[in-house]
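Read off the chains here:
Protein chains: 2
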Amino acid sequence: MSNLNFKILAKEDKSRTGEITINNKTIKTPGFMPVATRGAIKSTPHTFLDNTDVLLANTYHLYLRPGVDVINELGGIHKFMSWDKVILTDSGGFQAWSLPTKIDNEGVVFKNIYDGSSFKMTPEISIKSQNKIGSDIAMIFDCLIDIKDSKEKQINSINLTRDWGSITKSFHKNKDQALFGIVQGGLHKDLRELSTKYMVDQEYDGYALGGLAIGETNIERKNIVKFTSELLPDEKPKYVMGLGDMHGLVDLIEEGIDLFDCVWPARLARHGKLIVGNTYINIKNKQYENDPEPISNVCTCFTCQNYSKAFLRHLIHNENTTAWLYLTIHNLIQTEIILDEARKSILESTFSTFRKQFEYE
Amino acid sequence: MSNLNFKILAKEDKSRTGEITINNKTIKTPGFMPVATRGAIKSTPHTFLDNTDVLLANTYHLYLRPGVDVINELGGIHKFMSWDKVILTDSGGFQAWSLPTKIDNEGVVFKNIYDGSSFKMTPEISIKSQNKIGSDIAMIFDCLIDIKDSKEKQINSINLTRDWGSITKSFHKNKDQALFGIVQGGLHKDLRELSTKYMVDQEYDGYALGGLAIGETNIERKNIVKFTSELLPDEKPKYVMGLGDMHGLVDLIEEGIDLFDCVWPARLARHGKLIVGNTYINIKNKQYENDPEPISNVCTCFTCQNYSKAFLRHLIHNENTTAWLYLTIHNLIQTEIILDEARKSILESTFSTFRKQFEYE
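Protein chains in written order, with our numbering: chain D, 1 to 361; chain B, 1 to 361.
Among the hints, erroneous ones may be present.
The list cannot tell twin chains apart, which means a pair is met if one copy fits it or any two copies do.
Listed below are the simulated DSBU-like cross-link pairs for lysine-lysine, each with C-alpha atoms no more than 35 Å apart in a straight line [unchecked claim]:
id, residue 1, residue 2
1, Lys-79, Lys-284
2, Lys-128, Lys-284
3, Lys-286, Lys-197
4, Lys-273, Lys-111
5, Lys-85, Lys-273
6, Lys-120, Lys-286
7, Lys-226, Lys-236
8, Lys-153, Lys-169
9, Lys-236, Lys-102
10, Lys-273, Lys-284
11, Lys-286, Lys-79
12, Lys-286, Lys-111
13, Lys-148, Lys-79
14, Lys-79, Lys-273
15, Lys-7, Lys-226
16, Lys-286, Lys-175
17, Lys-85, Lys-14
18, Lys-173, Lys-286
19, Lys-85, Lys-286
20, Lys-128, Lys-151
21, Lys-102, Lys-356
22, Lys-286, Lys-102
23, Lys-173, Lys-284
24, Lys-286, Lys-128
25, Lys-28, Lys-286
26, Lys-28, Lys-236
27, Lys-102, Lys-284
Derived by calculation from the structure, the hints in this document are not laboratory data.
Starting from the given sequences, assemble the full structure and let the hints guide the process.
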C-alpha cells in the first residue's frame, strides 16, 4: 500500500493536470521542484517561495555531509531543513554521471569530493540512506551514463538499473516514503521500451525518465519522451529528471509529464539571466543602468515588488551574494507562475494555445 | 530650521534613551545602524530586520557605482533600495582612511577601485552627492587619519575637518536632509576639545565622534568618548562611528552615546561567530555537528525560529552564501535586541545593572 496518491483532474490530449498527495501534503502537477542539493536552495530562503509544493535534495551530498545519521537523529530532513512540504531525494545516480566514478555491477565507486577518499555507493546504501533521511519520495539508485555512450553501454545501463531497482525495493523499509523507478536507455527507443517494461514490472509509485537534459537536442529529447511517456502507466506520476528551462517544461508537459526538477532557473539567475514572459533578459547589460522598472511589470515576486532593474544590475555587479538571492527568487517564482498557467490552461482546455508562447526558437 | 527632532525620554546618569524623528520617521535611541554600503546589507534582505529603524549607506561607493545621478533619477536612495525608513549616508571620509589616498587641503585623491583611475573627493562633491542621493542624514566630509598618526597630523586633521565642514555647510541644499558634524583629534583630549568647539560653533543637527574603533584599546576609546561626550550639547544626538560589538555599544551607551554603525555583526556572522547572550559561539566548531538546538533558545530571529545549530554548521561548511544570510540575520537581530534591552533598562533606571552583563572580559 503506497503512501502516494495521484489524481488527474483534467486532460487535454496527452497533457494532464492533477494532484499528488503524500503524507497529507499535496503537489500540484505539472510541478517543478527547485533543487536544495544540500538542504538549502543556493542563496535563497525558501520562505520566499510561497507556491512551491516540493523541493529536491540529494542523497549523495547529504550522505557525505552532514551524514544521514545526523539528519535522522535530528528528526529527519523536513525538520533539518525547516520545510514541512514535500521533499524528494535523488538517489545519487546523477553524481555517477556528473562526477568522476567507476561503475561495476554492485554500484558506483566515488571519490569523496571533500577528502579525496574512495567509497562505493550501492542501491542498498542509497535506499537505506534515503530511508533515514526521511524524504517523502525516494528514487531508485540508477545507472546514469552519457547520452552519447555506445548502445552496448546503454544496454548495460538499463540492465544495471533493473537489477539495482530490484535491490532497492528489497531494502526499502520506510512506509512513509514513496519510491520511483527510473527509465534509462539513452536515445534508443528499443532500450527505452525495454527499460520501461523492467520498471513497470517492478511496480513503482511513479516513473522517472533519466538520462535526459545532458546534451541531446530538444527534438531528440521530445521524441524519446513522447515515445516513453506513452508506454508508462497513465495513472502514475511521470517525471523528467534534470530539466527546468521554461520552453522545455512546456514542451514535455505536452507529452504528459507531471514532474520536473532542475538547478537551471537558480543557476541562470546567478549569471544575471532572468525570465521575462517567454524569453530572458541579462540584467548585467548596460541598457538597464537607469531602468526604473522591475524585471517584469506583471511579476508578483518579492524582487519585482521591491526593486528596479537599475538596482538589481547595480547589485549583481557590486554585491553579488545579495543579488543572487533577489534574482533567484524571481526565476523560481516565474517558473512557478508558468506552471500555474500551464495547469490552469489544461483545466480550461486551452493548453494547446498557451503552449504556443513557449515554442523553442 | 532642521528636519530633525531629538527628544530624550529618560536618562540614567549619562546614558539616555529617546527618539530622533526625521521626515516623519523615527529612530529609537540608543540605536544601531546596519551597514548597507552599496545599498544592500551583504547577503541579507532587510525584510528580515523588523525592528531596524535606520541603515547606513556609503557616499564614496554609491558615487562610483551606480553614480549619484542614477540614484537621483530613480527617485532617491529610499526608492532605489526599497527601504522607507531612515537612511544615513557616510560622506566618504572613512574611505580616506581605509583605502590608499593622498590628502591635500582641498580634499582626498582616491584611486577608483573599479578602474584604477584617480579622482578627488572634496567636501563640495561629497555633500552635493549626498544631496542627490537623498539620505535623511548626511555627514560632513571629514579628514580621518590613523589613530597612531603624529599630533601634528592630528592637528591638521581637525583643522581640515573644520574647514571642510564649513564648505560642506555652504553647499548643503537639501532641506529634507539633516547634517551631522564629526569630531576628530585621535587620542588627544586637547584636540578633541578643540575639534568639538569647531563643530559646535558650526551648528549641526547631530555630532559624531570619528577616528575611533580603528586600533585604540577599549580603555583609550572609553576615555576619549567620556571626555568628548561631556563637551557635546546634550540636546543633540551623539554618534560614535564604526563601532558595533555588543560590549562596545553598551560601554559607550554608558557615556551618553545615541547612535552607532558597524559592519561588525554582519562580518562576524559570515565567519561563523554568533552572538549568544553576552558572548559568542563559533558555529563552525565540531561540537555543534549534532546539536538540535537553535543558536539561542531565547532569540526571536527567523534563523533561531527555524534552524538548528547542526543545520547552520552544515550550511556554513557546505553552502556558505545561504549560511551567510541566516547567520547575519541572527547577529543583526541580536544587536537590535541588546539595544532594545538597553533602552528599556534606561527607561526603568536599571541600566547600571543591565550594563554589568556586558563588561569587557
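Consistency of the hints with the structure:
no.: 1; hint: Lys-79 / Lys-284; in the structure: between (37 Å within a copy, 20 Å between copies)
no.: 2; hint: Lys-128 / Lys-284; in the structure: between (45 Å within a copy, 28 Å between copies)
no.: 3; hint: Lys-286 / Lys-197; in the structure: neither (53 Å within a copy, 48 Å between copies)
no.: 4; hint: Lys-273 / Lys-111; in the structure: both (33 Å within a copy, 31 Å between copies)
no.: 5; hint: Lys-85 / Lys-273; in the structure: both (28 Å within a copy, 31 Å between copies)
no.: 6; hint: Lys-120 / Lys-286; in the structure: between (49 Å within a copy, 26 Å between copies)
no.: 7; hint: Lys-226 / Lys-236; in the structure: within (16 Å within a copy, 74 Å between copies)
no.: 8; hint: Lys-153 / Lys-169; in the structure: within (24 Å within a copy, 78 Å between copies)
no.: 9; hint: Lys-236 / Lys-102; in the structure: within (33 Å within a copy, 72 Å between copies)
no.: 10; hint: Lys-273 / Lys-284; in the structure: both (8 Å within a copy, 33 Å between copies)
no.: 11; hint: Lys-286 / Lys-79; in the structure: between (43 Å within a copy, 20 Å between copies)
no.: 12; hint: Lys-286 / Lys-111; in the structure: between (43 Å within a copy, 23 Å between copies)
no.: 13; hint: Lys-148 / Lys-79; in the structure: neither (40 Å within a copy, 52 Å between copies)
no.: 14; hint: Lys-79 / Lys-273; in the structure: both (33 Å within a copy, 24 Å between copies)
no.: 15; hint: Lys-7 / Lys-226; in the structure: within (21 Å within a copy, 72 Å between copies)
no.: 16; hint: Lys-286 / Lys-175; in the structure: between (55 Å within a copy, 33 Å between copies)
no.: 17; hint: Lys-85 / Lys-14; in the structure: within (28 Å within a copy, 52 Å between copies)
no.: 18; hint: Lys-173 / Lys-286; in the structure: between (56 Å within a copy, 31 Å between copies)
no.: 19; hint: Lys-85 / Lys-286; in the structure: between (40 Å within a copy, 30 Å between copies)
no.: 20; hint: Lys-128 / Lys-151; in the structure: within (31 Å within a copy, 71 Å between copies)
no.: 21; hint: Lys-102 / Lys-356; in the structure: neither (43 Å within a copy, 62 Å between copies)
no.: 22; hint: Lys-286 / Lys-102; in the structure: between (46 Å within a copy, 32 Å between copies)
no.: 23; hint: Lys-173 / Lys-284; in the structure: between (49 Å within a copy, 34 Å between copies)
no.: 24; hint: Lys-286 / Lys-128; in the structure: between (51 Å within a copy, 25 Å between copies)
no.: 25; hint: Lys-28 / Lys-286; in the structure: neither (39 Å within a copy, 40 Å between copies)
no.: 26; hint: Lys-28 / Lys-236; in the structure: within (14 Å within a copy, 58 Å between copies)
no.: 27; hint: Lys-102 / Lys-284; in the structure: between (41 Å within a copy, 33 Å between copies)
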